[in-house]
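Novice: Single-letter residue listing:
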Amino acid sequence: MLKRKLWRDIKGNYGAYVACISVLVIGMMLYVSLSLTLDSMNTSIEDYYRKHDFAQGFARIVKGSAGLTEDLARVKGINQVMGRVVQDVMVYRPEGEDTTTVRLVSFSGPDQPLNRFRLEGGRIPVAGEKEIMVSPAFLAANKLQFGDMIPLIIKGREVKFRVTGAAISPEYIYEIPNGLTLAPDPKAFGVGFVPYSTVAPLLEMDGQINDLTFTLEDGNDFRRVEQPVTRVLEHYGLSQLNARKDQLSHSMLEQEMVGLKASASTTPVIFLLVAAGILYIMLRRMVEQQRGQIGILKAFGFNNREIIGHYLGYALLIGGLGGLLGGLAGSWMSYAFAKLYQQFYNIPDLKGQFSLTYLVVGLLLSLGFSVIAGYQGCKGVLVLSPAEAMRPPAPKAAGRTWLEKIQGFWEMLNTQGKMAVRNVFRNKQRSILTVIGIACAFSIMVSSRAMFDTTYFLINFQYDQVEKYDLKISLQQYVDKTQGITAGKHLEGVREAEAILEVPVTISHKWLEKDTAVIGLSKESKLYRLLNQNGEPVAVPDSGLVISNQLAKILNVKPGDMVTVKPFLGDRKERLVTVRKVVPQYVGLGAYMEIDALSKVLQAPPVTSAILLKLDQDKVAEVRKYLQGGQNVLGIFDKTKMKAQFEQLMESTSASQAIMLSFSFITGFAIVYNVNLIALSERERELATLMVLGMTEREIGRILVIEQGILSFVGVLLGIPLSYGMLSAIADKMATDIFNMPVIMEPGSLALGFVGAVLFLLAAQWKTKGKISQLSMLDVLKQQE
Amino acid sequence: METIIQTRNLHKTFYNGEVSVHALKGVNLDFREGELVVILGPSGSGKSTMLNILGGMDTPTQGEILYRGTPLQNMNKYELTMFRRKAVGFIFQFYNLMPNLTTYENVALATEIADNPLDTAQVLDEVGLGDRKDHFPSQLSGGQQQRVAIARAIAKNPDLLLCDEPTGALDYETGKQVLDFLQKFNRTMGKTVLVITHNAGIGKMADRVVYFRDGRIDKVEVNPHPVTAEEVSW
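Going line by line, the protein sequences match chains A and B.
Each step along the first sequence adds one to the number in this note's numbering, with nothing skipped, and position 714 is 714.
Each step along the second sequence adds one to the number in this note's numbering, with nothing skipped, and position 132 is 1132.
Read the hints as simulated data drawn from the structure, not as lab findings.
Check each hint, because a few of them may be wrong.
[To be verified] Below, simulated DSS-like cross-link-like pairs (lysine-lysine); rule was C-alpha separation at most 30 Å, straight line:
(1) K600(A) - K625(A)
(2) K1086(B) - K405(A)
(3) K1176(B) - K771(A)
(4) K155(A) - K641(A)
(5) K489(A) - K573(A)
(6) K63(A) - K130(A)
(7) K771(A) - K1133(B)
(8) K428(A) - K1133(B)
(9) K489(A) - K351(A)
(10) K769(A) - K1077(B)
(11) K1176(B) - K769(A)
(12) K1184(B) - K767(A)
(13) K11(A) - K1077(B)
[What the hints assert, rightly or not] Residues on chain B that point at chain A, a partial pick, calculated with CB under 8 Å:
(14) E1002
(15) T1003
(16) I1004
(17) Y1015
(18) M1057
(19) T1081
(20) R1084
(21) G1142
[To be verified] Some residues of chain B that are not near chain A, with every Cβ distance over 10 Å (derived):
(22) N1052
(23) G1055
(24) P1099
(25) N1100
(26) L1109
(27) I1113
Predicted model, so just to flag it, every value in this text is computed and none were measured.
In this text, a Cβ means the ideal position worked out from N, Cα and C, and glycines have one as well.
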């Protein structure tokens, strides 16, 4: 019979239950979908790495005989070694419209020992033939089909390759050319797999290699083989040696997973807590309201357990339904996530999934939260004796609030306003929970928008403030600095040209060390500027290093400390250098030096590895076209294009922002609507009296609006520091070696949160309006209080 | 004296599922300005329904109701609200005060929405609550609470004061006090007061007593010499 009462109670107030369940569903949906995605990514990647023998060590040399692989295989602890040729080349674009770089990666065959590619379509190129395989993303972005030709510029000559197939490799899951690229752009960069016998002669590297990858014997650590590997390779111009954890694609992937894990473990909890809060308020109110009924039930002989059980039934129903729907929706959403990830990552077999485990875990979690909240809400039943319960509760002593002591404030309000203010203080616990809930909804809105602000800040900082050039021309080989600048200045439309020198190094301080690159800049560089905390340019000192705060943290150094710099080039001798300044940097572990001083470290005359150009905008395409066939041109980096593409990418992910916004909107709405409904039922009599007095529904609604407005206002105020805290926590969780997220909260984000709060307040009010006009003056006023 | 409100062939039927209750069966009544009328009748005789319709809280199923010549039966919710706001003061058996407003604020709540209100402090003085104006309802006795309710109704300065069993929840002495205020309002301000009760004794203070029975007017007695509230007894 109590079950029937449960159903009827729910039917009578279904709006409140739907609102509460929605928030629970959102929480569970996020939990299940994020966890599933994380799991699915973990297993697909692990599987992929294992099946395709993804290497554990990566070395880059200038040139060496193919026999080096055997020398390396003799190093103790190394299992398998594979040598190959890897070379970035540009696609010939006669119109010069876009710069596309292809990283040629040689392969010996489909069963090569390491980093085996995975054929996604078409066929494998035939050895000796000018045939190539590229990633499906590259294929689509460049509108290529099997059989089409790609013109590549190799050694200054145009060589046409036939596209025979699509392939991906564990080495390029995240297909970006270097650590300065924040996101893949398959139109501008792609990996091309070509047979060694085809590509080596074209690059004049017959019988030679410039890239080695290896695996370790079980239980062996990379650090133990680092020294011996270096000894084997250092005579061949070793320029890079790193473990899998520092491999570009892998480390970007790891970073994404760290972020995903952070979201999966925090965001759902916020929604679950808000749902629990709503449920608590609802049940507490219900028990208060049904006090008389509880008394009758007790008088009939129902015991506490049965009555509590009855009220927990509501919690179980909400928790069960929320968990179930959320779990199912989460499974569904994991398919969407998988699709989204596949846009940016070449992960095979990444699919959404339906997981019974997560459904059960989610259900238990949801039930757990609900039952705890529900029990807290209805435990008041226990202490009531039947006789006591049947009497109306002792009236809550109404009283003045501390707000009334504020000079001028109280006088400003009319009586309706005064009523609203006192109502806020009438049920302090409920008001506090409401404020917290609104603060949460507000903060989620603000922080999801602020994540965008942060990314834009990063882009603008790097591409507008630090890197002021238009084109960066990377060179195959170092050239004399003056000569490089002069050549750059002579190009048509060039207004300024500067030389930079990028040198891969290991920097160490005491027992701490880090592989990075030192960038040599001219003293008064205008095209690549170092900036301090306030965004003011920092001059490059005559000697010594300027390093990024992130690198300073890793090496535990401060200005004035000496560090050891060991270049991968030149004589490879270690040198002591003083750290002069530390500058903020958000992407990468930058280290900077005066360009000539850096040349000296290499024991070289003043040289340059890349020229930065600032030029008339209408000449950019022309210069690019002119340079793309250049003998010594390794690559052309068009900053403006990069920035534009990145911004486009950001726009395309705005869907996820919209989802978070709507989730927090629903949450805010659910809170305000529920509290409104409770206020209505609790104060039926008062509101009916106001109607009799001749107040319009609008005026009565306004009292509720003022009440909720005060709560929302306080919630929003509280939400500002909460958003900041949330963002700091996210930044903290997402910080990695190469990525250091500042906490940026633009006024726009706060305004968005504010507008959102106003909207959910109004929406809830609008929904409540109907309930006000249903109030019957006659029924209510006839009853005794 | 001018007629302030009149009903013509007023019917009211309540439908509740399959059961219908015919609460008013063709009532014709006129109320004149400055009159004190007492409606007497047993429970279920239709007197409360009559009061609700007169006060614009409910609408008739059939028939006419005219306030100063303007028909109320076709008014929409908003117009009825405005009618209540401008023309009617209500007093209930249970006082229906706002628990979180002080005595003064409860009265001010009404004056703020009225066109031509009386001075709140003065009205409170008149009902003898000048020294309780900062008390909350929970700090007042039943009689005091009903006086606040009267002050709230009077302060709007309505043409029509409708009282539904105003003494029903009060003891004898306090009840008489309340009647005294109603009579004073009627006499000194010249406003129409309508009291519903099943307490026949109260009829003695009325200008007219209307007896209701089974949804109809049973009889109307004109009282040429109404007694003062003090002289009333039951």
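Novice: So, for every hint listed, does it hold in this structure?
Specialist: Tested hints:
1. K600(A) - K625(A): violated, 34 Å
2. K1086(B) - K405(A): violated, 34 Å
3. K1176(B) - K771(A): Violated: K1176(B) and K771(A) sit about 39 Å apart, past 30 Å.
4. K155(A) - K641(A): holds, 26 Å
5. K489(A) - K573(A): With Cα atoms ~34 Å apart, K489(A) and K573(A) exceed 30 Å; violated.
6. K63(A) - K130(A): Judged against 30 Å, a Cα distance of about 22 Å means the pair holds.
7. K771(A) - K1133(B): violated, 33 Å
8. K428(A) - K1133(B): holds, 26 Å
9. K489(A) - K351(A): violated, 52 Å
10. K769(A) - K1077(B): holds, 14 Å
11. K1176(B) - K769(A): Between K1176(B) and K769(A) the Cα gap is close to 41 Å, so the pair fails against 30 Å, i.e. violated.
12. K1184(B) - K767(A): Violated, because 45 Å separates the two Cα atoms, which is more than 30 Å.
13. K11(A) - K1077(B): Satisfied, since the Cα-Cα distance of roughly 28 Å is no more than 30 Å.
14. E1002: At 23 Å from the nearest chain A Cβ, E1002(B) fails the 8 Å test, so the hint is violated.
15. T1003: violated, 22 Å
16. I1004: violated, 17 Å
17. Y1015: violated, 14 Å
18. M1057: M1057(B) check passes; min Cβ-Cβ to chain A is 5 Å, inside 8 Å.
19. T1081: Holds: closest Cβ of chain A sits about 5 Å from T1081(B), inside 8 Å.
20. R1084: holds, 4 Å
21. G1142: Constraint on G1142(B) not satisfied, violated at 11 Å.
22. N1052: violated, 6 Å
23. G1055: violated, 8 Å
24. P1099: violated, 5 Å
25. N1100: The claim is violated: N1100(B) sits with its nearest Cβ about 4 Å from chain A, within 10 Å.
26. L1109: L1109(B) not clear of chain A: closest Cβ-Cβ about 4 Å, inside 10 Å.
27. I1113: violated, 6 Å
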